[in-house]
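**Student:** Below, each chain spelled out in residue letters.
Protein chains: 2
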Amino acid sequence: MKALVFRGGHLQLDSNWPDPKPGPDEVLIEVETAGICGTDIEICKGYLEYEGVLGHEFVGRVVKGPRELKDKRVVGEINCVCGKCDMCQSGLSNHCRDRQVIGIAGHDGVFAEYVVLPRRNVHVLPDAVGNDEGIFVEPLAAALQIIRQVPIEARDKVIVVGDGRLGLLAVQVLAEQGNKSNVVLLGKHAEKLTFAEKRGIRGILLDDMVLKSQWDVVVDCTGSAEGFAVACQLVRPRGVLVLKSTWAAGAVVDLSPLVINEVKLIGSRCGTFVDAINTLAAEQVVVNGLITSRFKLTEGENAMKKAQEPGQIKVLIDVKD
Amino acid sequence: MKALVFRGGHLQLDSNWPDPKPGPDEVLIEVETAGICGTDIEICKGYLEYEGVLGHEFVGRVVKGPRELKDKRVVGEINCVCGKCDMCQSGLSNHCRDRQVIGIAGHDGVFAEYVVLPRRNVHVLPDAVGNDEGIFVEPLAAALQIIRQVPIEARDKVIVVGDGRLGLLAVQVLAEQGNKSNVVLLGKHAEKLTFAEKRGIRGILLDDMVLKSQWDVVVDCTGSAEGFAVACQLVRPRGVLVLKSTWAAGAVVDLSPLVINEVKLIGSRCGTFVDAINTLAAEQVVVNGLITSRFKLTEGENAMKKAQEPGQIKVLIDVKD
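Going down the list, the sequences are from chains A and B.
All the letters of the first sequence, read from the start, carry residue numbers 45 to 365 under the numbering used here.
All the letters of the second sequence, read from the start, carry residue numbers 45 to 365 under the numbering used here.
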């Protein structure tokens with residue numbers, strides 16, 4: 045089959061990648077649409093030690109699997125877990141000690157014609173959620189994880205730092221959960237802030253921002269040391285700072301403001317797919333307008349380049365014509 | 045009066061430093077004994093922008109003040125607050141926007157014959173707590189702050205990283221609060237670990253430690269980027285990492301393990317003096333044996349040098365002969 049493979053420090057289209065074969069309790073899925081995420085870009089920059097088929101955001105159709113899934117349009121959770129270790133046994137299977145992560149660690153990803161996933165990772169997408177919306181299930185689940193970890197009160201002053209893909213989802217989730225007039229998006233791109241403003245959420249350009257430690261909850265979706273430093277300046281004493289993005293290792297960071305201000309910093313990663321699917325079906329979060337470019341699988345290298353341009357939000361790969 | 049003053053990048057004895065004069069609601073205290081803290085060392089290395097009399101850990105006797113304090117032996121809280129800002133008004137006066145911090149920011153410290161403090165900062169020391177123990181009220185309050193911010197359950201596996209002054213106090217507090225057999229001190233100095241072991245707390249040398257992410261609560265008292273990296277490796281997914289020490293700015297730190305493991309990092313600073321005084325009076329924490337050297341005020345520069353030697357725990361300055 046055709047697949048976009050990261051190997052030896054390069055991303056390349058391989059037209060003869062072996063077709064995956066489902067084992068017991070696994071499902072074979074024909075990938076229809078895939079999305080490029082910041083983690084894919086980090087892998088291509090060599091920040092993670094992954095080699096194999098790239099990609100983990102997708103919508104596909106089940107080709108081989110249990111009867112109830114046959115021909116269904118599905119999405120898939122990215123953590124493939126053992127079910128046996130101390131983490132799995134204590135209900136924290138997303139943190140499985142032996143986990144593989146699709147397209148990120150030890151398991152081929154979805155920038156390919158076919159992918160194999162454990163049955164338990166697969167969720168059926170309702171008709172109300174199209175392929176282009178379904179791509180956002182994984183990042184939206186990650187955004188929803190914020191409010192699972194940090195209860196937001198209506199009185200809380202909340203600011204999301206970073207107007208990229210994740211920031212635009214996170215700010216909608218937080219505005220829905222808290223008091224919309226207390227929720228702000230801070231970014232560098234006027235056109236991305238406009239997306240939030242159309243949904244009644246105030247956007248502020250970084251150049252116009254007064255960096256004062258007065259926000260109850262700050263969510264850093266920038267993925268940069270510079271953005272994290274801004275976030276540290278905004279959080280009030282005893283406030284909460286949610287750190288969403290995994291970073292390039294070894295950034296230069298001054299953590300002393302967190303100690304002096306007794307800040308609670310909460311690392312936050314993947315979330316629950318069912319919540320995200322329901323949220324999209326109920327149209328509580330809007331993803332229309334977030335897709336800024338689309339490419340064919342054979343144009344995958346160009347798609348990755350495009351995804352790194354400043355104006356881009358979400359770049360799709362139409363795997364199936 | 046005589047005072048140890050940090051000015052122009054150097055610490056020097058000044059024999060003609062002006063005597064401080066108490067204003068309204070202030071107390072004049074004759075300093076008897078003072079202690080050197082890691083923050084003092086940081087200031088002398090130029091990491092903070094403070095100039096003036098150094099020092100904030102002390103026991104003294106009230107010379108001028110309200111009748112109920114006259115001639116009393118006292119200790120003093122280090123934050124001088126305004127009582128008016130949003131933080132003070134919301135009960136977080138330790139985070140006062142206009143605060144001065146004794147010997148650290150905007151207020152002369154205690155390595156001097158006399159110091160002036162706001163009345164509200166001053167606490168009488170009971171006879172059960174001698175001068176040498178009273179020196180530990182401030183750092184012990186900081187150690188007790190940990191269990192105010194993070195409730196410890198008996199089942200929690202707790203590890204304190206760093207066997208310095210603060211680590212040796214923190215591990216005693218945590219062993220007292222949780223299940224002593226689940227509490228461990230990790231350090232680099234066999235003789236300091238022995239201090240904990242004498243109190244029935246297990247000590248492990250860093251070289252002998254298996255760095256596995258399996259600890260529910262990790263408390264970083266090292267004050268170094270290297271120590272923080274160790275702490276990050278020890279905390280289990282969804283565990284808690286308490287960061288006690290303010291650092292040298294701009295250390296190179298990789299925060300991605302905190303995101304991937306969804307760790308809760310809690311910055312922790314000063315605590316409540318009354319708790320610390322009561323804990324010392326009840327002998328729930330032992331500080332005998334933590335004092336490794338003592339100097340006169342006129343030997344202050346040597347005292348600061350001594351405090352930076354590896355084998356030292358707490359170095360005292362006997363201000364009054």
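Everything labelled a hint here was simulated from the structure, so no lab data went into it.
One or more of the hints may lead you astray.
Copies of the same chain look alike in the list, so a pair counts if it fits in one copy or across any two.
[Unchecked claim] Straight-line alpha carbon distances no greater than 30 Å define the calculated DSBU-like cross-link-like pairs of lysine-lysine that follow: (1) Lys-108 <-> Lys-224; (2) Lys-89 <-> Lys-256; (3) Lys-242 <-> Lys-224; (4) Lys-364 <-> Lys-232; (5) Lys-364 <-> Lys-201; (6) Lys-350 <-> Lys-256; (7) Lys-128 <-> Lys-256; (8) Lys-114 <-> Lys-65; (9) Lys-201 <-> Lys-128; (10) Lys-128 <-> Lys-46; (11) Lys-340 <-> Lys-128; (12) Lys-256 <-> Lys-114; (13) Lys-224 <-> Lys-364; (14) Lys-114 <-> Lys-232.
**Student:** Within a copy, between copies, both or neither: where do Lys-224 and Lys-364 come within 30 Å Cα-Cα?
**Tutor:** neither (39 Å within a copy, 60 Å between copies)
**Student:** Regarding Lys-242 and Lys-224, is the shortest C-alpha distance of 30 Å or less found within a copy, between copies, in both, or in neither?
**Tutor:** The answer is within: 13 Å in one copy meets 30 Å, while 56 Å across copies does not.
**Student:** Should Lys-89 paired with Lys-256 be assigned to within, between, both, or neither, using CA atoms and 30 Å as the limit?
**Tutor:** Between copies only: 28 Å across chains, 34 Å inside a chain, cut-off 30 Å.
**Student:** Are the CA atoms of Lys-364 and Lys-232 at most 30 Å apart within a copy, between copies, both, or neither?
**Tutor:** neither (35 Å within a copy, 58 Å between copies)
**Student:** Have a look at Lys-350 and Lys-256 and pick one of within, between, both or neither, based on CA distance no larger than 30 Å.
**Tutor:** neither (35 Å within a copy, 39 Å between copies)
**Student:** Using 30 Å as the alpha carbon limit, work out where Lys-128 and Lys-256 are close: within a copy, between copies, both or neither.
**Tutor:** For Lys-128 and Lys-256, only the inter-copy Cα distance (18 Å) is at most 30 Å; the intra-copy one is 47 Å.
**Student:** As a check of your reading, is Lys-128 near Lys-46 (CA-CA no more than 30 Å) within one copy, between copies, both or neither?
**Tutor:** neither (34 Å within a copy, 67 Å between copies)
**Student:** If the cutoff is 30 Å on CA atoms, where do Lys-364 and Lys-201 land: within, between, both or neither? Let me know, please.
**Tutor:** neither (44 Å within a copy, 50 Å between copies)
**Student:** From the Cα coordinates, with 30 Å as the cut-off, is the pair Lys-201 and Lys-128 best called within, between, both, or neither?
**Tutor:** between (41 Å within a copy, 21 Å between copies)
**Student:** As a check of your reading, is Lys-114 near Lys-232 (CA-CA no more than 30 Å) within one copy, between copies, both or neither?
**Tutor:** Neither: 45 Å inside a copy, 59 Å across copies.
**Student:** Cα distance capped at 30 Å. Does Lys-256 pair with Lys-114 within a copy, between copies, both, or neither?
**Tutor:** The answer is neither: 54 Å in one copy and 42 Å across copies each exceed 30 Å.
**Student:** With identical chains treated as interchangeable, where does the CA-CA distance between Lys-340 and Lys-128 reach 30 Å or less: within a copy, between copies, both, or neither?
**Tutor:** Answer is neither; intra-copy 39 Å and inter-copy 61 Å both fail.
Consistency with the previously given hints fails for numbers 1, 4, 5, 6, 10, 11, 12, 13 and 14, ordered from lowest to highest.
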